[in-house]
Each structure stands twice: as C-alpha cells, then as structure tokens.
Amino acid sequence: MPLLRDLTRKVAAKNAGPFQVTVDVFCGSADAFARVVPALDTARVAGLFGVAPQLMRRFDIPDLHVVKFSFPRPVVQGSRFDRDMHGAQFATLLEELEL
Amino acid sequence: MPATHVLVPSGVLGLGFSLQALERGVAMGADLIAIDGGSTDSGPHSLGTGRSKYARAVCKAEWRALMQARAALGVPLVIGTAGTSGTDETVDWMYGITEELAAELGQSLRVARLHSSQPPARIAEALRWGRVRPLSPAPEITPEGVLGLANIVALAGVEQIQAALATGADIVIAGRCTDTAIIAALPLMRGAHPGAAWHGAKIAECGALCSTHPGTGVVRVSFDAAGFEVEPMAREAACTQHSVSAHMLYENADPFRLYEPGGHLDVTAARYTALDARRVRVEGSAWVPGPYTVKLEGARLAGYQTTLLAILREARYVAHAREWAARLHARLLAEVGAKLGLGPADYDIEIRLIGLDAAMGPLETRTAQPAEVGALCLVTATRADWADEIARLANPYLLHFPLTEDEPLPTFAFPWSPAQTSRGALYEFALNHVLALDDPMEAFRLTVTEVGAHAPVA
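Residue numbers (numbering that gives the first Met the number 0), protein chains in the order written: chain A, 0 to 98; chain B, 0 to 457.
Source of the hints: derived by calculation from the structure; they are not laboratory data.
Where a beta carbon is used, it is the ideal one built from N, C-alpha and C, also for glycine.
Some hints could be false.
Which stretches of chain B does chain A cover? Using the computed rule of at least three CB atoms under 8 Å from a CB of chain A, they are [said to hold, decoys possible]:
1) 32-43
2) 132-145
3) 244-255
4) 354-362
5) 425-434
Take a look, some chain B residues computed to stay more than 12 Å from chain A by CB distance [what the hints assert, rightly or not]:
6) L18
7) G47
8) A56
9) A71
10) E99
11) A102
12) A162
13) A301
14) R365
15) L402
16) E404
17) A418
18) T448
To give an idea of the chain B side of the interface with chain A (calculated C-beta under 10 Å), a few residues [what the hints assert, rightly or not]:
19) A237
20) Q240
21) H241
22) E296
23) A298
24) L377
Between the sequences and the hints, there should be enough to build the whole structure, so can you do that?
Here it is as structure tokens:
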C-alpha cells in the first residue's frame with residue numbers, strides 16, 4: 000500500500016489563524032491529482048485529525064493539482080495543551096496515510 | 000487611470016529581505032511601500048504582554064533601509080500590525096525606533112500612528128448590546144470574561160489606513176490590521192478595481208512568498224481599473240501562474256474567499272495570465288460588500304508555567320516510558336497535595352514524552368522504538384511562585400523515579416542546572432469574534448506627530 004507522500008510532491012500544514020488549521024496536498028501533476036482525489040476519504044482524514052466529519056472542509060482544486068483540508072484546531076493555538084504552535088506537524092499524519 | 004504601484008519588501012519586518020531587490024524596486028518606482036509587522040503565528044504571548052517577538056536591533060536595521068527607500072521615492076511608508084501583535088504598546092515601540100532613525104538619518108517626517116487596542120470595558124459593553132458576534136469556532140465569552148482579558152485588539156481594514164494616509168503622513172505605524180489592508184488601501188483610494196486591489200494585496204502580503212524565491216522578499220504589485228500585476232524585484236526570482244495562484248492556499252482556511260472589514264474577496268473567477276517569464280497579471284476577482292465588522296483578538300492570562308526536562312536513555316526505561324510517566328505523574332500529584340496542600344484548582348502537571356508523541360499527542364499513528372525519550376514536565380499554576388515550588392518538588396522525582404518499587408534508583412539525564420525553567424505568564428487566545436461598527440474609525444485612534452531634525456520641541 001503506498002503512502003500519500005509516495006504519490007504527491009508535498010503535503011504542508013499551517014495555522015489559518017489561532018482557531019483553525021489547513022493542510023494542503025500538492026499532488027504535482029494532473030495524473031497524481033486524479034489518483035489522489037478519489038483515494039482520500041474525507042471522513043477518514045477527519046478521523047486522522049480527531050475532528051468531527053461535518054467540521055472538515057475540503058477543496059479539490061484541479062488548476063493547482065491540490066486537495067486542501069481545513070478544520071478547527073483540536074486545541075486552540077498556544078493554549079496550555081497545544082503541542083505545535085504553528086500546526087505544521089498535522090501534515091505528517093496525512094502524508095503517512097496509507098492509501 | 001494610471002496604475003498604482005505598491006512595493007512590498009517582505010512578509011514581515013524582522014524576517015529580512017534582499018537590499019539589491021529593494022534598490023531595484025526603488026529604481027522602478029512605487030507609490031507606496033507597505034510591510035506587515037506581525038501575526039498571531041507565533042502564539043498569544045506578544046498580544047498578552049504587548050511586546051514584539053522580533054529583536055529590536057533587527058527591526059531597526061530593516062526599518063532604516065525602508066526609511067531610506069521611502070525618502071528616495073518621496074512616498075508614504077506603511078507598517079501594519081507593528082511589533083508582532085499591533086497593540087498600542089508595540090505601536091509606540093515602533094514609533095520609538097522611528098524617532099531614533101529620523102534623528103540618525105536627519106529626516107523630518109510626519110508620522111501617523113493608528114492605535115487598535117480596545118478597552119475591555121468597551122468590548123464587554125458591545126457584547127451586552129449584541130455588537131460582538133462569534134466566528135466559527137469561537138471560545139465562549141461573557142462580559143465579565145472580557146473584562147479580565149490582558150489585551151484586546153481590533154483588526155483595522157483599508158478605511159482606517161486610508162484615514163492615516165489622508166493626514167499626509169510620510170510614515171504610518173498601524174496597530175493591528177488585516178495583512179491586506181496596508182497594501183489595498185492606496186489603490187482603492189485611487190479607483191483601482193476592488194476585487195483586484197484585495198486580491199493583489201493578499202498575493203503580496205508575504206512578499207516574495209508568491210514567487211519562486213521567497214527569501215528575496217521584495218515584490219511590486221501594480222493595480223489598475225481591471226486587474227493587478229505582480230513582479231518579484233530580485234532578478235533571480237519569478238512569479239508564475241502557479242506560484243501566484245497557490246498563495247491563496249497559504250494560511251487560508253478557504254482558498255477562494257477572504258473576509259475583510261466591510262465585505263469579502265471572491266477569487267473563484269480569477270484568471271492568472273503570465274505576462275512573461277517572471278510577471279503575472281490577474282483579472283476577474285470580485286469584491287462582495289457586506290456588513291462593516293472588524294475582527295477582534297484577545298489574550299487572557301492562563302496561569303504561570305515552569306518546565307523541567309529529563310532524558311531517559313536506559314533501554315528498559317525507554318521501552319516502558321509511558322508506564323513510568325503515568326506512575327510518576329500520580330506520585331507527583333500525591334506529593335504536591337501532601338507537601339504543598341495544593342489541589343487541581345491550583346495547578347496542573349503534564350508529562351509529554353519526546354520521542355514517542357510529544358508533537359502529536361493522542362493523534363500520533365507511529366509506534367517505532369526510539370533510542371531515548373525526553374520527559375518534558377509542564378507545571379502550570381495560578382501563581383508563579385507555586386509553579387516554581389511544584390517544579391522544585393518534582394525535581395528529585397524526575398531525576399530518580401524508579402519503574403518499580405524494588406530496584407536500584409535510576410538517574411536520568413538533566414541537560415542543565417537549574418533543572419527547572421520559569422516560563423512566566425502563560426497567555427491564551429480568548430476571542431474569535433467580530434465587532435460591528437457604524438463608523439470604521441469609532442474603534443480606532445489616529446495620532447499624528449512631526450518627528451526628526453525639524454520637529455518642534457515638545
């Protein structure tokens with residue numbers, strides 16, 4: 000089973016303000032985008048981040064060969080239980096997902 | 000209508016930019032230089048304390064180059080969200096740097112300061128009147144809770160920046176404002192296409208991050224009645240359709256919509272055209288007017304924190320680190336209760352295991368066995384002296400706590416002395432709300448002063 004990172008150019012995550020985080024999957028080509036889009040199940044991705052599926056927003060952007068996920072941070076940025084101030088490590092969970 | 004050219008030297012003052020690229024931008028000409036001075040990106044501490052995260056010397060060196068570029072061009076220089084959080088204190092900190100430089104450079108300047116800090120009593124009152132509304136997701140707030148916040152700022156939009164420019168200021172030092180407002184304000188004043196003004200501002204807000212060479216910093220955006228064009232000023236850098244359009248993804252939950260005071264930008268129909276190998280033109284973005292609201296940010300004191308770090312290297316402890324940490328945690332709670340008489344309302348102890356799941360916590364999916372495990376012990380208490388005292392109590396346990404009762408005492412690695420580090424006050428973001436305004440200036444204050452060689456003596 001390939002990992003998402005084997006099929007894509009880059010997966011990047013960053014805070015979108017203190018209360019949300021956004022994860023961009025840069026597929027790198029139309030072929031990779033066509034392969035990744037149906038293979039990435041939104042509910043499964045929500046589960047990976049511990050987010051209720053109805054709170055997970057997804058944008059499939061063919062022009063950029065990008066799949067984007069945005070969701071409320073499991074804990075607010077910089078609050079006592081936050082472990083990653085800039086939210087960048089969320090990308091690693093997704094790029095290691097088996098497709 | 001002639002194009003309005005805005006030079007953006009970098010994503011934020013303090014991050015650095017290429018001086019050659021700035022020189023080239025000055026040579027090409029611009030109607031305004033705009034740079035961001037902050038962000039919530041590094042957390043709530045700057046907002047909580049009203050202090051800049053970047054080194055003063057670095058900000059001063061970069062501001063010197065920008066003040067010289069401004070003087071060469073004879074156009075306004077604007078910084079938004081000055082001093083990381085854009086509180087009144089950090090605006091005045093930036094003003095102090097500007098005064099020093101004006102004297103050192105022999106420049107006489109009109110400086111407009113836009114203050115964005117909000118008195119908690121006013122926001123609590125606005126909340127009672129239903130003028131403060133939550134975004135999603137938003138923490139629960141009450142008027143009493145708002146009164147207890149350490150600092151509140153409102154994010155100004157273009158109207159407040161335009162008011163500052165209308166004073167004839169050479170330099171505008173703005174408190175908290177949206178990243179885009181400082182770039183979009185002037186083109187909008189001069190009749191540029193509204194969708195293009197906001198979209199171009201969003202693309203250029205991080206400087207050359209929208210190009211192939213982000214580290215070079217400087218870009219120039221040209222706004223006209225139909226669209227905008229963007230070009231990096233470093234010769235080695237290029238803006239491509241991909242590098243420009245991909246920037247809408249960055250730190251944006253929605254890559255097609257951007258909410259601003261008084262409406263939102265919609266780039267669904269935007270068309271990106273390569274003018275040549277390094278310039279891109281964009282048309283088709285739309286500005287959709289809406290109610291006039293400004294976003295609020297607030298930080299509250301969430302306690303005081305002291306930390307300890309021990310490193311487990313012995314294979315048996317590494318293999319049983321979770322079990323060890325759980326037993327240690329229970330023991331520490333018992334000791335704190337018995338020796339200090341403190342309970343759960345007074346403090347909290349958390350042990351994070353670096354090497355296992357310190358970054359991801361319960362979301363971690365990997366289970367490989369590391370060579371060593373760092374036990375990061377976070378003590379948070381309602382008083383700073385309690386946090387320190389609890390950490391001192393924890394010290395010998397963190398050094399010697401055994402996995403079982405009947406074994407020789409282990410000794411783990413402490414990387415420094417003293418073992419505990421007092422982190423001081425811990426702040427938390429407490430607002431994700433908007434404030435409705437009848438007049439854009441009603442929540443902001445402008446102060447205009449003359450500084451430098453010919454300034455009147457105060």
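Verification of the supplied hints:
Restraint check on the stretch 32-43 of chain B versus chain A: 5 residues with Cβ-Cβ distances below 8 Å, three needed, restraint holds. Look at the stretch 132-145 of chain B against chain A: 5 of its residues bring a Cβ nearer than 8 Å to a Cβ of that chain, three or more, so the hint holds. Beta-carbon proximity to chain A at under 8 Å applies to 10 residues in the stretch 244-255 of chain B; the threshold of 3 is reached and the given coverage holds. Evaluation of the coverage hint for the stretch 354-362 of chain B: fulfilled, as 6 residues show C-beta separations to chain A shorter than 8 Å, against a requirement of three.
Note: the stretch 425-434 of chain B has 5 residues with beta-carbon separation from chain A under 8 Å; the three-residue rule is met and the coverage holds. For L18(B), the requirement that its beta carbon stay farther than 12 Å from each beta carbon of chain A is met, with the minimum near 28 Å. The non-interface label for G47(B) is inconsistent with chain A: the shortest C-beta to C-beta separation is roughly 9 Å, within 12 Å. Every CB of chain A lies more than 12 Å from the CB of A56(B), the least distance being 24 Å, so the non-interface label holds.
With a cut of 12 Å on Cβ distances, A71(B) stays outside the contact zone with chain A, its closest approach being about 35 Å. With 12 Å as the threshold on Cβ separation, the claim that E99(B) sits away from chain A holds: the shortest Cβ distance comes to roughly 31 Å. Interface exclusion of A102(B) from chain A stands, the closest Cβ pair being 37 Å apart, more than 12 Å. Every CB of chain A is more than 12 Å from the CB of A162(B) (nearest about 26 Å), matching its label as outside the interface.
Under the 12 Å C-beta cut-off, the non-interface status given to A301(B) relative to chain A is violated; the minimum distance is some 6 Å. For R365(B), the requirement that its beta carbon stay farther than 12 Å from each beta carbon of chain A is not met, with the minimum near 7 Å. With a least beta-carbon separation of about 25 Å from chain A, L402(B) lies farther than 12 Å from that chain, consistent with its non-interface assignment. Remark: the non-interface label on E404(B) is consistent with the geometry, its nearest Cβ contact in chain A lying 31 Å away (cut-off 12 Å).
For A418(B), the condition that its CB be more than 12 Å from all CB atoms of chain A holds, with the nearest at approximately 21 Å. The claim that T448(B) is not at the interface with chain A holds, since no C-beta of that chain comes within 12 Å of its own (minimum 33 Å). Nearest Cβ of chain A to the Cβ of A237(B): about 17 Å, over the 10 Å cut. The hint is violated. A cut of 10 Å between beta carbons decides the hint on Q240(B): the least distance to chain A is about 9 Å, and the hint holds.
Given hint, H241(B) at the interface with chain A, holds; its Cβ is 7 Å from that chain's nearest Cβ, closer than 10 Å. Checking E296(B) against chain A by beta carbon gives a least distance of about 8 Å; that is within 10 Å, so the hint holds. For A298(B), the interface hint holds, since its Cβ comes within 10 Å of a Cβ in chain A; the closest pair sits about 9 Å apart. For L377(B), the shortest C-beta to C-beta distance to chain A is roughly 8 Å, which falls under 10 Å, so the interface hint holds.
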